[in-house]
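Engineer: Next come the chains, spelled out residue by residue.
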Amino acid sequence: MMLARSAGDRLIGNRVLLTLLVAAFASAILLPFASLSPNRLASGQPVMLWQALPGWQLTALALIGLALLAATLARPLPQRTSLWLSLIATLPLLGLDFFSLGDYAHRALVDASPAARVSQGATFWILLFVSALIAIDALQRLRLGLVKRALFGAAALVVIGVCFSGDLLSPLSIMREFANQKDNFVDQLVRHLLLVAGALIPALAIGLPLGLLANRRDRLRNGLFSLLNVFQTLPSIAVFGLLIAPLSALGRAVPWLGDLGVSGIGVAPAIIALVLYSLLPIVRNTYSGLAGVSPGTLEAARGMGMTSRQILWQVEIPLALPVILSGLRIVTVQAIGLVVVAALIGAGGFGAFIFQGLGQYAIDLVLLGAIPTIVLAVIADFTLQILVTFSRPPGTR
Amino acid sequence: MIELKGLTKTYAGKNVVDNVSLTLDTGEFGVLIGPSGCGKSTTLKMINRLVPLSGGRIILNGDDVTELPAEQLRRRIGYAIQSTGLFPHWSVAQNIATVPQLLKWPKSRIDDRVDELMAMFHLDAAEFRHKYPHQLSGGQAQRVGVARALAADPEVLLMDEPFGAVDPLTREVLQAEMRRVHQQTGKTIVFVTHDMDEALQLATRIALLNGGKLVQYDRPIELMVKPDNDFVREFIGQADLGLKLLSRRWVHQYQREPSLEHHATHPGLDHCWQLDDAGRPVALEGARLDEDHEVTEVKPEWTATPGMSMKEALSRMVWYRVMVLPVVDDAGKLIAEIGMQGIMGIQAENGTQAS
Numbered sequence: 001m002m003l004a005r006s007a008g009d010r011l012i013g014n015r016v017l018l019t020l021l022v023a024a025f026a027s028a029i030l031l032p033f034a035s036l037s038p039n040r041l042a043s044g045q046p047v048m049l050w051q052a053l054p055g056w057q058l059t060a061l062a063l064i065g066l067a068l069l070a071a072t073l074a075r076p077l078p079q080r081t082s083l084w085l086s087l088i089a090t091l092p093l094l095g096l097d098f099f100s101l102g103d104y105a106h107r108a109l110v111d112a113s114p115a116a117r118v119s120q121g122a123t124f125w126i127l128l129f130v131s132a133l134i135a136i137d138a139l140q141r142l143r144l145g146l147v148k149r150a151l152f153g154a155a156a157l158v159v160i161g162v163c164f165s166g167d168l169l170s171p172l173s174i175m176r177e178f179a180n181q182k183d184n185f186v187d188q189l190v191r192h193l194l195l196v197a198g199a200l201i202p203a204l205a206i207g208l209p210l211g212l213l214a215n216r217r218d219r220l221r222n223g224l225f226s227l228l229n230v231f232q233t234l235p236s237i238a239v240f241g242l243l244i245a246p247l248s249a250l251g252r253a254v255p256w257l258g259d260l261g262v263s264g265i266g267v268a269p270a271i272i273a274l275v276l277y278s279l280l281p282i283v284r285n286t287y288s289g290l291a292g293v294s295p296g297t298l299e300a301a302r303g304m305g306m307t308s309r310q311i312l313w314q315v316e317i318p319l320a321l322p323v324i325l326s327g328l329r330i331v332t333v334q335a336i337g338l339v340v341v342a343a344l345i346g347a348g349g350f351g352a353f354i355f356q357g358l359g360q361y362a363i364d365l366v367l368l369g370a371i372p373t374i375v376l377a378v379i380a381d382f383t384l385q386i387l388v389t390f391s392r393p394p395g396t397r
Numbered sequence: 398m399i400e401l402k403g404l405t406k407t408y409a410g411k412n413v414v415d416n417v418s419l420t421l422d423t424g425e426f427g428v429l430i431g432p433s434g435c436g437k438s439t440t441l442k443m444i445n446r447l448v449p450l451s452g453g454r455i456i457l458n459g460d461d462v463t464e465l466p467a468e469q470l471r472r473r474i475g476y477a478i479q480s481t482g483l484f485p486h487w488s489v490a491q492n493i494a495t496v497p498q499l500l501k502w503p504k505s506r507i508d509d510r511v512d513e514l515m516a517m518f519h520l521d522a523a524e525f526r527h528k529y530p531h532q533l534s535g536g537q538a539q540r541v542g543v544a545r546a547l548a549a550d551p552e553v554l555l556m557d558e559p560f561g562a563v564d565p566l567t568r569e570v571l572q573a574e575m576r577r578v579h580q581q582t583g584k585t586i587v588f589v590t591h592d593m594d595e596a597l598q599l600a601t602r603i604a605l606l607n608g609g610k611l612v613q614y615d616r617p618i619e620l621m622v623k624p625d626n627d628f629v630r631e632f633i634g635q636a637d638l639g640l641k642l643l644s645r646r647w648v649h650q651y652q653r654e655p656s657l658e659h660h661a662t663h664p665g666l667d668h669c670w671q672l673d674d675a676g677r678p679v680a681l682e683g684a685r686l687d688e689d690h691e692v693t694e695v696k697p698e699w700t701a702t703p704g705m706s707m708k709e710a711l712s713r714m715v716w717y718r719v720m721v722l723p724v725v726d727d728a729g730k731l732i733a734e735i736g737m738q739g740i741m742g743i744q745a746e747n748g749t750q751a752s
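Chain order of the listed sequences is A and B. For the first sequence, counting from 1, position 138 maps to 138 in this note's numbering; every step adds exactly one. For the second sequence, counting from 1, position 228 maps to 625 in this note's numbering; every step adds exactly one.
Keep in mind the hints are simulated off the structure, nothing from the lab. Careful, some of the hints might be misleading.
For each label pair, taking beta carbons as the anchor points, the in silico distance ranges come out as [as the list claims (entries may be wrong)]:
1) B/Lys504 <-> A/Phe390: 40 to 46 Å
2) B/Ala636 <-> A/Leu213: 51 to 57 Å
3) B/Asp509 <-> A/Thr383: 54 to 60 Å
Below, in silico cross-link-like pairs of lysine to any residue (SDA-like), each with a Cα-Cα straight-line distance of 25 Å or less [unchecked claim]:
4) B/Lys528 <-> A/Ser294
5) B/Lys730 <-> B/Arg718
6) A/Lys182 <-> A/Ile371
7) B/Lys528 <-> A/Leu298
8) B/Lys504 <-> A/Ser308
9) B/Lys528 <-> A/Pro322
10) A/Lys182 <-> A/Leu376
11) B/Lys528 <-> A/Ile371
12) B/Lys528 <-> A/Val388
13) A/Lys182 <-> A/Ala67
14) B/Lys696 <-> B/Lys584
15) B/Lys584 <-> A/Ser294
16) B/Lys504 <-> A/Gln310
17) B/Lys501 <-> A/Arg141
18) B/Lys528 <-> A/Arg392
19) B/Lys584 <-> B/Glu569
20) B/Lys504 <-> A/Pro318
21) B/Lys528 <-> A/Ser391
22) B/Lys411 <-> B/Gln613
23) B/Lys402 <-> B/Val679
24) B/Lys501 <-> A/Gln310
25) B/Lys730 <-> B/Trp670
26) B/Lys528 <-> A/Ile386
27) B/Lys411 <-> B/Gly424
28) B/Lys528 <-> A/Glu299
29) B/Lys501 <-> B/Ser534
30) B/Lys411 <-> B/Asp460
31) B/Lys501 <-> A/Ser308
32) B/Lys411 <-> A/Glu299
33) B/Lys623 <-> B/Lys504
34) B/Lys528 <-> A/Leu376
35) B/Lys528 <-> B/Gly608
36) B/Lys504 <-> B/Gln479
Positions of the beta carbon are idealized from the N, C-alpha and C atoms, including for glycine.
Pulled out of the complex, with its shape left as it was, chain A reads as follows (with noise of 0.2 Å):
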């Protein structure tokens, strides 16, 4: 009888939104929201949430929690309503979450002594992620056009541009870390970009070139996938190892690439890997991108009098760049992950405060260089996404 109920019968419209609501609410009944510790490496004091937020901001996230819980019904709300309500009620959630970790910061540290940190806990974190999950979800299921996609995005950035704009997080553990590391900040960020950008531009001057003769000498291809398959497999720690003495003994013997910095640590080995892990990626989507071009499509090409290379520059290249662009996503995302490895043989970037974190066992300063690594690889996957939306032909998006 029970699985015989029909949609309108049902009390729950939205079970993804119930569970997600569900288990914010178990972690801010037991998970601290943030920690309180007496000096930088010396770990915390859990403070709850119902310990560290007033009474006007419980007040606040329980209305939201309630908005939000009224949107996992089936009933009184329409679905569009329902979910246009949670969409729009992940933007107060997120702000909240900020503010009132920043709000408790500036108050637990007005009477400790100097060296006290306040950090954010796990029910922090879990808002955070929760609040983004309800709203992909909530994007996904209203089926928005690019356009209100990237002005959702726009807003939530904005209420995350003002949380860090003013004084609201600077007592944080995290952004004092930030203040100290402020100019190295930059430095490492520009030498990350730098790495990632050194790792590609050779990689695709490299990769496209072997796709395109993939795709041309059929005798050639399975050897060529196959030894890219072997560098794929290859652990990234292994291949930084195992470059250290035939790149030393290079950047000696021959002088004037010794000048140029090549030596067992450092940069040279780092793009070397890199570009070796690029490969695949970059030569796999090419071929595949121009195998995909129809047969049809090739012989009527040859067949009306173009000649090869305007085939492959006015036919084949278009057809295929989203498939490559995808490849290109991929090796990206990719490479901005491996880049912090390298800072182990030295080549710096956000890697180099992860290692210096773990070192010194100070969480905080890990933090600072995993968070910006996610988020440039979070936006560099969703700018390319764009840009392979935008490559396929008008109409096929």
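Given the structure of chain A, go ahead and fit chain B onto it with the hints provided.
Structural biologist: For chain B alone, coordinates are given in the frame of chain A:
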């Protein structure tokens, strides 16, 4: 004019096209037909050198095709294929403009030509110009494909089973359009198909191939009434030979003056048409299979036009159970009639008249 002289193609020691020689005059509609693997597509693709020749020569309007640069040759030859091969990332207008673009025509001339071709294929320019291939139906895409092949006013149009992948209804419409376009443009066309009905519909010359060899090259009627051997006879099929013959005859060849009053003296002709003020037929008295003087209302479904094939006219007579059909002009005015006697007349002059 296209001349194939001893054309041969060898793959792995086997002649898939074996010493084929034929001449297709300017303005002819030549169809290459035969069972799968008979070498018809290969023969076609040797004309624009998509397949290199192993032996023999192809002369296109006096030029040996192997002596021209391949790209230059192909721009003189229209090419339409079964999968249409439209460029998915280009609009309909850009697709049609492909060869004129390659030939670097000025933009205004290209635009005019695109509009002209879209009109010829009944594609509303305002609606279709900016559409993309995946937004078209199969029939529309195939029209764009043929329009693109004709864009630069080529000397010859090659078509490789162009209507093989569309549904039967669309195929009939496209075949009728192709016949009209051929009459309008007077283009020399080489057309590959495996469908004998399609070949009989369209061709002025049919080349029947088997195992790479040319079996018979003739006008469609001759192929039917004077087959060179049993293979030709079997390939055409004997069961509906009469109907196939009728598919090559047109109503205007056999129509006669319409009967506007009863002629009791002529048995079987005892019928007459009732017309309205505009001269359109409204009813037929008599000429029914069952009752002589029954009045039958004239419906558009069973009127004939001068350009209709006799096969279709016969089909309508059988289906609507009448011995005679009104032949009307574009305005629906009665201009003639076509009767069972006209159809029987065809059998008497078997093979004596080529269409």
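Engineer: Starting from the hint list further up, note which numbers the structure goes against and sort them upward.
Structural biologist: 1, 3, 11, 13, 14, 15, 17, 23, 27, 29, 30, 33, 34, 35 and 36
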